[in-house]
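*Asks:* Letter by letter, the chains look like this.
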Amino acid sequence: MPETAAQITEMIIIAIIYLGIFSVAGLFLVFMERRVAAWFQLRIGPNRVGYQGLLQTMADALKLVSKELTGTVKADKFLYNLAPYFVIISSLMALGLIPFSKSFQAFDINIGIFFLIAVSSIGVIGILLGGWASNNKYSLIGAMRSGVQTISYELSVGLSLLTMVLLTGSLQLSEMVEVQKHGWLILQGHIPAVIAFMVFMIAGTAETNRAPFDMVEAESELGAGFHTEYSGMKFAYFFLAEFINMFIIAAIATTVFFGAWLSPFGITESLPWLGIIWFLIKTFALVFLMMWFRWTFPRLRVDQLLTLEWKYLLPINLVNIVVMALIVWQKLTIQF
Amino acid sequence: MERILFYLLALNMISFAIAAVSTRKMLRSVIYLLFVLVGVAGIFFLIDYNFLAAIQLTVYAGGIIVLIIFSVLLVHHIELKLEMAKPKRQIATVIACLLGIGLFLTTIYSYHFNVVENNLTTTTSDIGSKLLSYGEGGFILPFEVISVLLLAAMIGAIIIAKGKKLNPKTHT
Numbered sequence: 001m002p003e004t005a006a007q008i009t010e011m012i013i014i015a016i017i018y019l020g021i022f023s024v025a026g027l028f029l030v031f032m033e034r035r036v037a038a039w040f041q042l043r044i045g046p047n048r049v050g051y052q053g054l055l056q057t058m059a060d061a062l063k064l065v066s067k068e069l070t071g072t073v074k075a076d077k078f079l080y081n082l083a084p085y086f087v088i089i090s091s092l093m094a095l096g097l098i099p100f101s102k103s104f105q106a107f108d109i110n111i112g113i114f115f116l117i118a119v120s121s122i123g124v125i126g127i128l129l130g131g132w133a134s135n136n137k138y139s140l141i142g143a144m145r146s147g148v149q150t151i152s153y154e155l156s157v158g159l160s161l162l163t164m165v166l167l168t169g170s171l172q173l174s175e176m177v178e179v180q181k182h183g184w185l186i187l188q189g190h191i192p193a194v195i196a197f198m199v200f201m202i203a204g205t206a207e208t209n210r211a212p213f214d215m216v217e218a219e220s221e222l223g224a225g226f227h228t229e230y231s232g233m234k235f236a237y238f239f240l241a242e243f244i245n246m247f248i249i250a251a252i253a254t255t256v257f258f259g260a261w262l263s264p265f266g267i268t269e270s271l272p273w274l275g276i277i278w279f280l281i282k283t284f285a286l287v288f289l290m291m292w293f294r295w296t297f298p299r300l301r302v303d304q305l306l307t308l309e310w311k312y313l314l315p316i317n318l319v320n321i322v323v324m325a326l327i328v329w330q331k332l333t334i335q336f
Numbered sequence: 001m002e003r004i005l006f007y008l009l010a011l012n013m014i015s016f017a018i019a020a021v022s023t024r025k026m027l028r029s030v031i032y033l034l035f036v037l038v039g040v041a042g043i044f045f046l047i048d049y050n051f052l053a054a055i056q057l058t059v060y061a062g063g064i065i066v067l068i069i070f071s072v073l074l075v076h077h078i079e080l081k082l083e084m085a086k087p088k089r090q091i092a093t094v095i096a097c098l099l100g101i102g103l104f105l106t107t108i109y110s111y112h113f114n115v116v117e118n119n120l121t122t123t124t125s126d127i128g129s130k131l132l133s134y135g136e137g138g139f140i141l142p143f144e145v146i147s148v149l150l151l152a153a154m155i156g157a158i159i160i161a162k163g164k165k166l167n168p169k170t171h172t
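Taken in sequence, the protein lines are chains L and C.
Mapping the first sequence onto this note's numbering, position 93 (from 1) lands on 93, and the numbers just tick up by one.
Mapping the second sequence onto this note's numbering, position 139 (from 1) lands on 139, and the numbers just tick up by one.
Calculated from the structure, these hints are not laboratory results.
As the structure is a prediction and not an experimental result, all values here were calculated from the model.
Each residue gets a CB set at the ideal place from its N, CA and C atoms; glycine is no exception.
Each hint should be verified, as a subset may be incorrect.
[What the hints assert, rightly or not] Beta-carbon label-pair distances, calculated as ranges: (1) Ile159(C) <-> Leu42(L): 54 to 60 Å; (2) Ser129(C) <-> Trp39(L): 48 to 54 Å; (3) Phe113(C) <-> Ile334(L): 49 to 55 Å.
[As the list claims (entries may be wrong)] What the simulated footprint calls covered on chain L by chain C, stretch by stretch (three residues with Cβ under 8 Å from a Cβ of chain C suffice, anywhere in the stretch; the number is not a length): (4) 45 to 56; (5) 109 to 118; (6) 122 to 130; (7) 139 to 145.
Just chain C, same shape as in the assembly:
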């Protein structure tokens, strides 16, 4: 059963990923991308990592996709279609894609995966205490570094959005 579900999800993700890059309507490609991301969440549910799956749904499906849809709604009209690229660029894209796929496949097939029998469900409290522990195997340093990075990003966003209004001298 799990095997069937996995192949269904994988097929779903691959076909929607191809559809996302090959459609000529912008909002449709965003929706196909959403299906790919939901498929990833489904894989996380399948391996019983519910917390990560819910994060995937909130952050990617609920947050990032909604933001992308917003920007598409603002700039895109319903009758517009993306132009077909010139043949030269099409060939260049195909070569680049094939190179990328080749690189990924060789890496995946040459790497030896350690298969571990694990029936434990990762609970949220485990994740929380690991994130905040400064002992062996704790993640307090990356956690704090990421929070500083987010703070910097927020300040940067405010500066960009406010622009000249921040400095009264340049405004007048």
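Here chain L stands alone, though its shape is the one from the complex:
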């Protein structure tokens, strides 16, 4: 086989593997969300299909595939069909950068974290398009809210990650992990790092449009928000992408703050294959935290949401960056 053909085949195989991870992780997260929700509400949740209900979401996905695709008559068909792909492609591209373990990372680009921010800023276009092209007023309102929300909170996500970049001195994700061999960044940067972590989790929850920031699809006001008119597999695309985005936010937090695949204090350093398990443990702990948010806080109003971002998170973040710069300059970081 010539070299170019081999390269192309390799790329295609990797892409298919990532598509597999994408769908399996998405379905598992939906299942986890339902079980956690049930646990918080003192119910049992889905437990009939497969062991402890593990195959429940698989059955749901099969049902969604077999459903008829409907749409509104006067919708802009081209944009209506295009919208889900924006959402799903942007989250799939972000997934490729996540360092699951030392050798399990598809795309280790030298601007790593910045590329993640750039890619995730495209996803909102899909939501805006889907809302407008459905030709439905509830969809349109939902899409507008989502646009406002994502544009505002993107700032906080970017700035809180920038605070941590001051510590690592590199944007490349593998190098960020290398730095953390002398203590996870949340320990190295102590107070400002903890503040940055809190800001990142709040802004990340808002960026994935999850409760308590789910005005985009506020069931009691807007029907189902921007995807009211979507059915069957197209709806499933939006739904899966939302859960994968939650996973990506948690994975970024794991990589930047909690040392990605490194074990705590290097206890299993001699067994490198355990890295992926450590990574998944940390990521799912953070995913659980985001689900915990959802079932604890009531939904915010739009003006409260914007006040939170522009009057609290953004000033806190700006001060935090200066404090972090001072700490790095004076070498007050904790390393061992």
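Dock chain C against the given chain L, drawing on the hints supplied.
*Replies:* Coordinates of chain C only, in the frame set by chain L:
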């Protein structure tokens, strides 16, 4: 391989650029413009200038296009289509476009490009230190001038948005 990718991207960009100006639905033309901008980012990735590519994606695809989509959503209804121009204006537009293309092509073909073999990847830290250096080949002056310009633009935006509310006398 790189050559094929380049031609794919170029073809993509040209066809979407034509589609962007020739479609009669406003939001569709915005989306075609988005594809053109993403194609430009792809070219930057191809020449291994990752930082600029990511900037292109964040600022143009993620920022400016979203703002344009917002303004279209606010003013445009889904059933509206742009009117066809009158024949006289169509002819005038064609002449103007041809003149523009002619000017660009003559400039590009008459300019002698210096082809340099360069395998170095520009890193972000290089860009940062160049922007802030005041020695030989530093960019501190343009950097500061641009920041003043942005500050002025922000103040201007606040003045326009607040309008009469800034001056209590005119309000009453």
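*Asks:* Now tell me, hint by hint, if it's right for this structure.
*Replies:* Against the structure, the hints come out as follows:
| no. | hint | result |
| --- | --- | --- |
| 1 | Ile159(C) <-> Leu42(L): 54 to 60 Å | holds (56 Å) |
| 2 | Ser129(C) <-> Trp39(L): 48 to 54 Å | holds (52 Å) |
| 3 | Phe113(C) <-> Ile334(L): 49 to 55 Å | holds (52 Å) |
| 4 | 45 to 56 | violated (count 0) |
| 5 | 109 to 118 | holds (count 7) |
| 6 | 122 to 130 | holds (count 5) |
| 7 | 139 to 145 | holds (count 3) |
Hint check: a violation occurs at hint 4 only; the rest are consistent with the structure.
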